[in-house]
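There are 2 protein chains.
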Amino acid sequence: MFDFRRTYDCRTLNKLHIGEKVTLSGWVNKRRDHGGLIFIDLRDRFGLTQLVFDPKLSLSIHEKASEIRNEWVISIHGKVIPRAEGMVNPKLSTGEIEVQVEELEILSKALTPPFSICDSTIDVNEETRLKYRYLDIRRGDVSSKLVMRHKLMLAVRNFMDSQNFLEITTPILCKSTPEGARDYLVASRVYPGNFYALPQSPQIFKQLLMISGMDRYFQIAQCFRDEDLRADRQPEFTQIDIEMSFNTPEGLFEICENLMQHIFQTCLGIDIGAPFPHMSHKEALEKYGTDKPDVRFDMPLVRLDDIVQKSTFSVLLEELKNEGVVKALCVKNGAEISRKQIEEYESVVGKFGIKGLAWMKKSPEGFTSSIVKFFSEDLLKEIENRMNVENNDLILIAAGPQDRVNQGLDHLRRHIARQRNLIKENVFEFLWVMDFPMFTIDKETNDITAEHHPFTSPNFEDMHLLDKDPLKVRALAYDLVLNGYELASGSQRIHDSALQAKIFKLLKFSDEDLKAKFGFFIDALKYGTPPHLGCALGLDRIVMILTKTENIRDVIAFPKTQKASDVMLQAPSPATSQQLKELKLKAEPEKIAWP
Amino acid sequence: MFDFRRTYDCRTLNKLHIGEKVTLSGWVNKRRDHGGLIFIDLRDRFGLTQLVFDPKLSLSIHEKASEIRNEWVISIHGKVIPRAEGMVNPKLSTGEIEVQVEELEILSKALTPPFSICDSTIDVNEETRLKYRYLDIRRGDVSSKLVMRHKLMLAVRNFMDSQNFLEITTPILCKSTPEGARDYLVASRVYPGNFYALPQSPQIFKQLLMISGMDRYFQIAQCFRDEDLRADRQPEFTQIDIEMSFNTPEGLFEICENLMQHIFQTCLGIDIGAPFPHMSHKEALEKYGTDKPDVRFDMPLVRLDDIVQKSTFSVLLEELKNEGVVKALCVKNGAEISRKQIEEYESVVGKFGIKGLAWMKKSPEGFTSSIVKFFSEDLLKEIENRMNVENNDLILIAAGPQDRVNQGLDHLRRHIARQRNLIKENVFEFLWVMDFPMFTIDKETNDITAEHHPFTSPNFEDMHLLDKDPLKVRALAYDLVLNGYELASGSQRIHDSALQAKIFKLLKFSDEDLKAKFGFFIDALKYGTPPHLGCALGLDRIVMILTKTENIRDVIAFPKTQKASDVMLQAPSPATSQQLKELKLKAEPEKIAWP
Numbered sequence: 001m002f003d004f005r006r007t008y009d010c011r012t013l014n015k016l017h018i019g020e021k022v023t024l025s026g027w028v029n030k031r032r033d034h035g036g037l038i039f040i041d042l043r044d045r046f047g048l049t050q051l052v053f054d055p056k057l058s059l060s061i062h063e064k065a066s067e068i069r070n071e072w073v074i075s076i077h078g079k080v081i082p083r084a085e086g087m088v089n090p091k092l093s094t095g096e097i098e099v100q101v102e103e104l105e106i107l108s109k110a111l112t113p114p115f116s117i118c119d120s121t122i123d124v125n126e127e128t129r130l131k132y133r134y135l136d137i138r139r140g141d142v143s144s145k146l147v148m149r150h151k152l153m154l155a156v157r158n159f160m161d162s163q164n165f166l167e168i169t170t171p172i173l174c175k176s177t178p179e180g181a182r183d184y185l186v187a188s189r190v191y192p193g194n195f196y197a198l199p200q201s202p203q204i205f206k207q208l209l210m211i212s213g214m215d216r217y218f219q220i221a222q223c224f225r226d227e228d229l230r231a232d233r234q235p236e237f238t239q240i241d242i243e244m245s246f247n248t249p250e251g252l253f254e255i256c257e258n259l260m261q262h263i264f265q266t267c268l269g270i271d272i273g274a275p276f277p278h279m280s281h282k283e284a285l286e287k288y289g290t291d292k293p294d295v296r297f298d299m300p301l302v303r304l305d306d307i308v309q310k311s312t313f314s315v316l317l318e319e320l321k322n323e324g325v326v327k328a329l330c331v332k333n334g335a336e337i338s339r340k341q342i343e344e345y346e347s348v349v350g351k352f353g354i355k356g357l358a359w360m361k362k363s364p365e366g367f368t369s370s371i372v373k374f375f376s377e378d379l380l381k382e383i384e385n386r387m388n389v390e391n392n393d394l395i396l397i398a399a400g401p402q403d404r405v406n407q408g409l410d411h412l413r414r415h416i417a418r419q420r421n422l423i424k425e426n427v428f429e430f431l432w433v434m435d436f437p438m439f440t441i442d443k444e445t446n447d448i449t450a451e452h453h454p455f456t457s458p459n460f461e462d463m464h465l466l467d468k469d470p471l472k473v474r475a476l477a478y479d480l481v482l483n484g485y486e487l488a489s490g491s492q493r494i495h496d497s498a499l500q501a502k503i504f505k506l507l508k509f510s511d512e513d514l515k516a517k518f519g520f521f522i523d524a525l526k527y528g529t530p531p532h533l534g535c536a537l538g539l540d541r542i543v544m545i546l547t548k549t550e551n552i553r554d555v556i557a558f559p560k561t562q563k564a565s566d567v568m569l570q571a572p573s574p575a576t577s578q579q580l581k582e583l584k585l586k587a588e589p590e591k592i593a594w595p
Numbered sequence: 001m002f003d004f005r006r007t008y009d010c011r012t013l014n015k016l017h018i019g020e021k022v023t024l025s026g027w028v029n030k031r032r033d034h035g036g037l038i039f040i041d042l043r044d045r046f047g048l049t050q051l052v053f054d055p056k057l058s059l060s061i062h063e064k065a066s067e068i069r070n071e072w073v074i075s076i077h078g079k080v081i082p083r084a085e086g087m088v089n090p091k092l093s094t095g096e097i098e099v100q101v102e103e104l105e106i107l108s109k110a111l112t113p114p115f116s117i118c119d120s121t122i123d124v125n126e127e128t129r130l131k132y133r134y135l136d137i138r139r140g141d142v143s144s145k146l147v148m149r150h151k152l153m154l155a156v157r158n159f160m161d162s163q164n165f166l167e168i169t170t171p172i173l174c175k176s177t178p179e180g181a182r183d184y185l186v187a188s189r190v191y192p193g194n195f196y197a198l199p200q201s202p203q204i205f206k207q208l209l210m211i212s213g214m215d216r217y218f219q220i221a222q223c224f225r226d227e228d229l230r231a232d233r234q235p236e237f238t239q240i241d242i243e244m245s246f247n248t249p250e251g252l253f254e255i256c257e258n259l260m261q262h263i264f265q266t267c268l269g270i271d272i273g274a275p276f277p278h279m280s281h282k283e284a285l286e287k288y289g290t291d292k293p294d295v296r297f298d299m300p301l302v303r304l305d306d307i308v309q310k311s312t313f314s315v316l317l318e319e320l321k322n323e324g325v326v327k328a329l330c331v332k333n334g335a336e337i338s339r340k341q342i343e344e345y346e347s348v349v350g351k352f353g354i355k356g357l358a359w360m361k362k363s364p365e366g367f368t369s370s371i372v373k374f375f376s377e378d379l380l381k382e383i384e385n386r387m388n389v390e391n392n393d394l395i396l397i398a399a400g401p402q403d404r405v406n407q408g409l410d411h412l413r414r415h416i417a418r419q420r421n422l423i424k425e426n427v428f429e430f431l432w433v434m435d436f437p438m439f440t441i442d443k444e445t446n447d448i449t450a451e452h453h454p455f456t457s458p459n460f461e462d463m464h465l466l467d468k469d470p471l472k473v474r475a476l477a478y479d480l481v482l483n484g485y486e487l488a489s490g491s492q493r494i495h496d497s498a499l500q501a502k503i504f505k506l507l508k509f510s511d512e513d514l515k516a517k518f519g520f521f522i523d524a525l526k527y528g529t530p531p532h533l534g535c536a537l538g539l540d541r542i543v544m545i546l547t548k549t550e551n552i553r554d555v556i557a558f559p560k561t562q563k564a565s566d567v568m569l570q571a572p573s574p575a576t577s578q579q580l581k582e583l584k585l586k587a588e589p590e591k592i593a594w595p
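These protein sequence lines map, in sequence, to chains A and B.
Under this note's numbering, the residues of the first sequence are numbered 1 to 595, in order.
Under this note's numbering, the residues of the second sequence are numbered 1 to 595, in order.
A couple of the hints might just be wrong.
Which copy is meant is left open, so a pair is good if it fits within one copy or across any two.
[As the list claims (entries may be wrong)] Result set (EDC-like, lysine to aspartate or glutamate): computed pairs, CA atoms no more than 16 angstroms apart in a straight line: (1) Lys287 / Asp403; (2) Lys109 / Asp523; (3) Lys109 / Asp496; (4) Lys64 / Glu105; (5) Lys282 / Asp403; (6) Lys563 / Glu590.
Just so you know, the hints here were simulated from the structure itself, not pulled from any lab data.
Use the sequences and the hints to build the structure in full.
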């Protein structure tokens, strides 16, 4: 039998190996016939090596080689020789040599693939890529991201281990506790008609592990959420889950900062520096309109309520009267921006319910625009000072309900930054956003809900407000933000069962519901619970940042579509009648049209 | 606020720290009042430290300490002092010192636990342990096993990384392919009435990754099986999943052997030696009656068919006539074994359908027993030689259908070995069992089924038998056996789509079924598939062996009961009507009586 165990992979050989007999195995990336000689670029996960088939050496092997097509799997024995003068390829690690083939085995033929493998610059429709994921990965773009994902996971594990954290695997077959997103349900056969739920996070388990005295826990955990998917979400996602006892947010911040430093050092060789700056939730919203500000560039939102109040600008005054706000952005050197461009900006904020933008440009002669007339010289001076307006700057003003103005200007700010190339490359601006509110009002139901989750501890200083004015209570919750993405979210947990019960009550859990869903957990808190806290970092997002992609499906080996289906496996699929009978379920499967 | 961040954990302090001011936090393991002084053993995951409260130092703190009960969570500031003469506890790493408490904070009170935490020797009913798992873990026995599990997982990952294997996470939401055990089904909301399945193993995905060119893959993977549970099974279990391209079983054996060496070195500091011996499946069954022989002790099964044939022992002759076999064990120095004891042995083999045991004892005067008369002197001599019978040995003879005799004597052999302490402690006898048959006959359906799984390659030498005599075809499959446990199972895979289709046909898959379940996979094989092979190691079993437990629930943080329920979470549970409506499912939940 032909011995196809390679002696080298396809990235290694160079002129130091000249004269050596080698075995290489891999895929035919490309074949070229050149005046008698046949050249094949042999490919594996690691790289490319050029093979040469010389009819003078063996006519039969040369003939066999001439039948070979792209993507066939072959193995060869041969001799490393230098490339002919002028044929050295400096872009390839093996570009100085080629391998003269002495024996050839065709291990596996291949149909013509539905898209080109060797030319990964050709754009392929994503559905086709997913259907033939095994070929898509072969193109190299996804595979290099999977390599990075592996590196990252290992770096996380070794770092957490060095800090005395234990990785503890928690169950996938859990209990449905419908308080966050929608659960995926798994049918029980032993207890027909009952269901397990897939975990949205190991939250309850990690807190139980603290009650168990495990002290420092982490896990790279698969989590599940049955939601209609936004472009950057997947029904299964991965988080780096961390929990620790007898510590404070400062202690956790340090661990997370060191972890991130270790990750960036190991994966990219970059020193990101630490500690990370802190910003209150309130300041983030005020200054950037979002709780995950991208601070790689400036251009803050500036509030102009008081100045507008003294103006005669009736449109804006009207918004203020309706409890709205007025905020503005200053675009440096934006005076050249056309009216048409500003109309496009209006459509950006328009998506968030902002009806228009007022604008002014600064020239050496002062502000120009049709709205200047509504402001006195003093007021214009005040705007200029507050917003640090210089010559050739453009200011854009939005008015309306606070959350709409914030959302609109946040998006506009980032839109302009991308458009005007204000974002520095390879810059990683981390930020802890602190002092989130404990509760918020669900706009659909008008109920009070937990901003973070119901296990978050209120800020100890705000305990007295819990009954009087719960919406004013700050949580001991914090987010880690990087370049405008929420990378981690965490909190100090409640470790007192009475306080936990009270929070559930504030969240309008009925006694019955509470007992059924969290009764055991409130009981567990009564048996000696240490102060504990933790966070969860989005692993998929970190890989996306490390590999510079905006597509979450690029960093997952076998992702789902936005309809949560797997077009390669053709899943989900109907159950057999035998399966349904055993589960005592009735189902009428909707027919799925697979691509 | 009291600063409860500890300066040391409870295992560290010794007389080098005397005089130092420290902060300790943890659980009250035990409190003792001794003539004015109060002693508290403070416990954390790491160890115990003795605290002393002296009323002369502070009456108020002493008073507070007198209220403390077991399992309360406290934090103290204090000074390390030497223990009084004669009070040193050499069993404790902190036994030379105690900490004189200067400040005390009660962080959390505790109800009296349902079982003792500080005395883990007290036996607790397993259902109660599982219901209060968070307290059970606190008792230390489980927690030390979870620490070992963490160590093991990290050792595996670092070793596999060092061998260029990439950890690639494969999906949990998969497709039901009911060919092995029963799948767990997850209801789809987007496509109502359709289901995902939880993976029984990542088999298809790891083979697709080889087709993708990922070359070397591994994963510590959660797997799921909806089966009625044997004592050592769990519905969710973990395997170390490995796959590689362009290699042979010998190459994989070496990697697995080095992996096991690394594991035992890292986790136990033991050098297990390598390479591991090989044994054919046929020899294992013949000599040990099982495909996972425990070779830590001798006592092989010896076939006596030919000798019995020449005897006048009609009972055994009858069995031979019915295509049965006669096999025997020799128990060294077993002559003292009583008839009553032999009756117990008969009940062991009786469970496998063997009606009784014939026996003979060897004394200097020759064999004794009521069956000696059936054998001539020559035949007795032949038995003596074949079985290496010495004075004072006992031989036990079983007859019947081959698989029953094998099963019965395998169990009896191990039963006797345990009973007579023939098994050496801390000995790890690894063994590769090779040349499994490709197919077997399912006794219930009488159909031909895959012994390993349908992706296993037939032995290349036996290809010609596939059509003629498939039951004679050997598979390129191998198991790694340790001390009588199957630790890993693997095979060379089929990398030719035509052969794969043929095997599915032999296994009586209909074209339609095949297309629906594995169509995409057979297609994938057509696009250039490298020769590949792999295996899966049972991680839970390895932890059990490393931590010397026979109970799989000891090595899983939150295990399920044998009815696949979680008595702590009370899962599974009924879905809400809203959930069922969204999934378009009808279910009538069976009521579950929770403990």
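Does the structure break any of the earlier hints, and which numbers would those be?
Violated hints: none; all satisfied.
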